[in-house]
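*Asks:* On the provided structure of chain A, position chain B as indicated by the hints.
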Amino acid sequence: MRDILEEAIKGHNTDYVEVRVEETRSTHVAYRGRELEEIGEASDLGGCVRAIYRGGQGFVSFNSLSDLRERAAEAARYARVVGGEKTVLAPVPVVNEVVPAVVKKDPRLVPLRSKKEILDRYLDTIWRTPGVSSATISYADSYKRKVFASSEGSYVEQSRLDVTVRLSVLARDGGDVQQAALSLGSNGDFGLVENLDRDVEELARKAVALLKAPRIQGREYTVILDPVLAGVFIHEAFGHLSEADHVYEQPALREIMTLGKTFGTPLLNVVDGGAIPGLRGSYEYDDEGVAATRTYLLREGVLVGRLHSRETAGKMGERPTGNGRAIGYRFPPIVRMTNTIIEPGKLSLEELLAGVKEGVYVKNWHGGMTSLEMFTFSSGEAYMLRNGRVGELIRPVVLSGNLFSTLKNIDAVGNDLDVNQGGGCGKGGQFPLPVSNGSPHIRIQKCLVSGA
Amino acid sequence: MLEQLLERARREADEAEVFWIEGVETPVAFEANRLKLVESKETSGVALRIIKGGRTGFSSTTDLRDVERLVQQALETIPFGPKAYASLPGVQESPLVKVYDEAVEHFPIEKMAHLGQSLLDSLHQRWAQVTWDGQVAKSVMTVRILNTRGLDVSYRKTVFSVAFEGTLIKDTDMLFVWEGDSSCRPIEELSGIRKGLEEQLELGQRVVAAPEGQVPVVFTQRGILGALLYPLLTGFNGHSVALGASPLIGKLGQRLFDPRLSLWDDPTMEMIAGSRAFDDEGTPTERVCLVDEGVAGTFLFDLQTAGQVGAKNTGSAHRTLGSLPSPGASVILMKQGNVPYGDLISGLKKALVVERVLGAGQGNVMGGEFSGNVLLGYRVEDGRIIGRVKDTMISGNVYKVLSSLLALTKESRWVGGYFCGPALCTDAVSISSKGKGS
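Residue numbers (the numbering used here), protein chains in the order written: chain A, 36 to 487; chain B, 41 to 478.
Extracted from the complex, chain B is given alone in its bound form:
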């Protein structure tokens, strides 16, 4: 069917591409400490992109009875379609990236339910007042991309994920703890997740005032993912460059960050949820260096944005069925430092540790700014975490934060199959909290 669609489109257009996606996602969900819902979500759909007279046409459908209409619809958009800045990719050699494990596909639902329930039961025994929600989920998906330049690639990916959140309410104080993991293989060992949740509950038991004045701020791995990565990656996104909006334009090759900072986007890591051998246009993926020892390296481009600014396509296209591809990061790696986390904390007289931030992606993201409410954060006093802070906001600029690092930790950690790196400490964040000022 896909070949026929491509043939039909070829007759009408200069170039054509068929994108096919099919998948099943099966979450087993827990609510209020018990099993609540088993879902199976099946998706299949096809998108058609054509190029004719230098313009792009597009259409998509999940109604496979209706594939005939796709060519017509895409043609209708051609007169107004965006200018095509590049030809579709031809056949190229792509890296071998394993992202499929049969064991995920055949993992029984009953066993997923049991895994989650055992975790909750053991947590409930020790933390009876905490309400737990979460899910154990698996997904299998197949992507296939064909184009009129002879490209015909496909892969199958499995993802297994576990995520749980606990809520502890005392009077009107609410403590939220969260831990999760994902992999292309089944995750059957949940003791790390349990440990993470318990540690957050222990550190968060006591509520203390936020530290006053300009103090160092430690972002844990989760804090980095939640507050810093989004504004930073917005600057590295090929779209921001094509728009002329990225503050990094004209600054590649310059030392903009602390020399200890190195950062990559690496979709070629095996069995990582964000990995893939080629991107959503069929371009082979590669490990892309965004920051090399403080020096800004490369932007992330897809076909269109690379063509637009005359840069090399980095194989960073992402797409959903209903829209044209756009560039983005897949798996972000940050080089670790040399300070053990324990030593970092014990060496701080006064500091704030940021684990989770609420609403950080608001405000002037393009300019690198972040600002949000500390959903989970701790106060450090004389080298020790003394409790959780409340009613506290942090704000800063990610370019300033990453150019004035006090430390990067020796330990690296994965968060969500998307980011792996150290925790970091900076003195370029301002803290405001309730009860100060007018």
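Here chain A stands alone, though its shape is the one from the complex:
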């Protein structure tokens, strides 16, 4: 394989060429209602070539691996249509590595029948709960082997085993439908899926309880976010803004995101990195063959770093961070997050609660989006807070706001770091990319909340 790839990308008269080949075998099982809706296996083989010539990029992806050399020539041809400036790629060491998958419990060794039996058990638990009107369960595992070779001489083979499960329960009362969901994921461990009986039972109960929960009046509140939702918040609200491709050719945004500027309270320390081990966003090398790192974005509220591809690092004169990721061979790598974490502070949850006269406690994640300045994300569960205590269950809420003011309104950070691995991030049409988000409980003053 190596010889073929290296031969294919030689001598195309461009500044840079890289080839990636990926082979994936996956299994998925999905239930809808009481029915098994899908069970199947899929294999996917494909590759791509990216060429860069005088700053312009040409990218070709394909399923058939014959004529790799001709594909590379095509990518080079496109790059020449585009190129007119100067190619700037931050220099990185030439690497030669083979990285095996991290495997704890291998789902490939678990028969399809056993996978189905586990999910059947959860489905039974859900339907045993009075008031449930429907449910969906989707499970997937995939084993992917990626090969990367560049005209600079780097060659990396990496394998990865991804496991995800998502359960969602619907409860209905006439036209009123409520939903509770749980998303989990793991880098290499089927064990994740095996012992969820109690979580599933509680999930079903929650969906039913929501039907009787009151709706909140939309306005500003003091909110406490649980680790799951706080992780989504930092991913959506700050993580995306730290991706240098949003910034590097936007002079006004570069100005806003000047390193050394204060963005939050001194309580806030935020780090992202593929080199943080054992999580779904962990890897050794990104899809540009750059070693993963651990990058502080905020230290004591001050902007100290951002996430880079080779191009953004080169153009901004900063160090590459190994965040050039592609969801698969159909896409060129772009700047992406990996494992994004708010580091724990000193306070317990009780201490966070103590200061709140009236507010909202929001838990779990339902979704989130950002347009750089504005963010919006929805909770899976919400409770009123009154006089330092968690009060009644209310309907899930949507939190929304302006990033810059919200970061300054974080006035307390808990000591109970927890990492959520069920997330899939979307950007530029590339979805879902395995990432993880982590945080302790955090408290935000004056956050705009609306009923979902």
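Bear in mind the hints are in silico, worked out from the structure with no lab data behind them. Every residue, glycine too, gets a C-beta built ideally from N, C-alpha and C. You can trust all of the hints, since none of them are fake.
In silico EDC-like cross-links for lysine to aspartate or glutamate, where the CA-CA straight-line distance does not exceed 16 Å: (1) B/K81 x A/E57; (2) B/K390 x B/E252; (3) B/K123 x A/E70; (4) B/K440 x A/D211.
Only some residues are given here: those of chain B computed to face chain A with a beta carbon under 7 Å: (5) A72; (6) K81; (7) F120; (8) G121; (9) T171.
*Replies:* Chain B only, in chain A's frame:
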């Protein structure tokens, strides 16, 4: 090869279907006001569905060296496979729907690059502080479906699309404007896109406070697509019905909406990106009436969901290579009203115009609820748009919104080759904004 695969599957199963897709997509992308990337994405793959003893088996691959394994893999899933509620469709007459134009297939990349660059250059001249990103793209794809009931259908479709977004940053205020178009024919006239972008920039220049209290909300066509259609169509989706989750179950034939509202899914429109003569299982498509003068009409079904609830298959199956089909909408048409857009706005004392919503597909979509941050929206004061609002959220229920319409506009517009209809005005949306409350 596909015939052989079908033959091999036929020997092992009661029924079999081979789904083949092959295509090339060629986007020419612009970043920060200039040409950045030319891509060519080639896809080919085959999926096999078999039915044996009343159960469904499935497998797919893009590795065409490996077709032999498909039958084996699909057979392995049969013992656990979902129950098959219907037989595969046989040979039926399908409508003639033109979705192919050779001119797209042969449209030169250099010309696509030039089209985009000319648009950006002219925009840049007038709006030097705005950063523009976008793409001009073309795609060609072929779908072929064969099954053991003698069905063997195929079509070739071309799509040409143009989309550009501008970002204007002042201090920490960010204004995003977006415009796009798609067609089965080449799009060479970009003045409409330019006009749309400039209009948004002009209206959005000034930032004003959101209107207070319960005021009418105008959803432009893009606002309807972004906030309302998804929760509404979730209720009409055959899956939601098979699940027992749609709030519309048992309510077809009832007047649930304003009598001015009529809505269709029509995949038979010629040269529209979402159109096709038959769906992804080979069932002929048809114009399906979802809402007829306020009365709920029909759900959208594919083979499986129609069989499950004993309804007529509406030819609404969509699929990606790696999964079994599921029902969905193709081209949504909404009947226009009789109020010119200009008159609608000038007749409003206080109102909010919603163009784009961020994060609207979250929350209780099945119940028809929507909620999101207004990414681009304007405040109306005494019949005039006075500026753009910020830090504003809207929420409501699409069933309530569409049953208490104040107006539907006379003008119909296409958005994204997927939705065509009027703008609408309603008083059933709640607005919350920053700076109010505790």
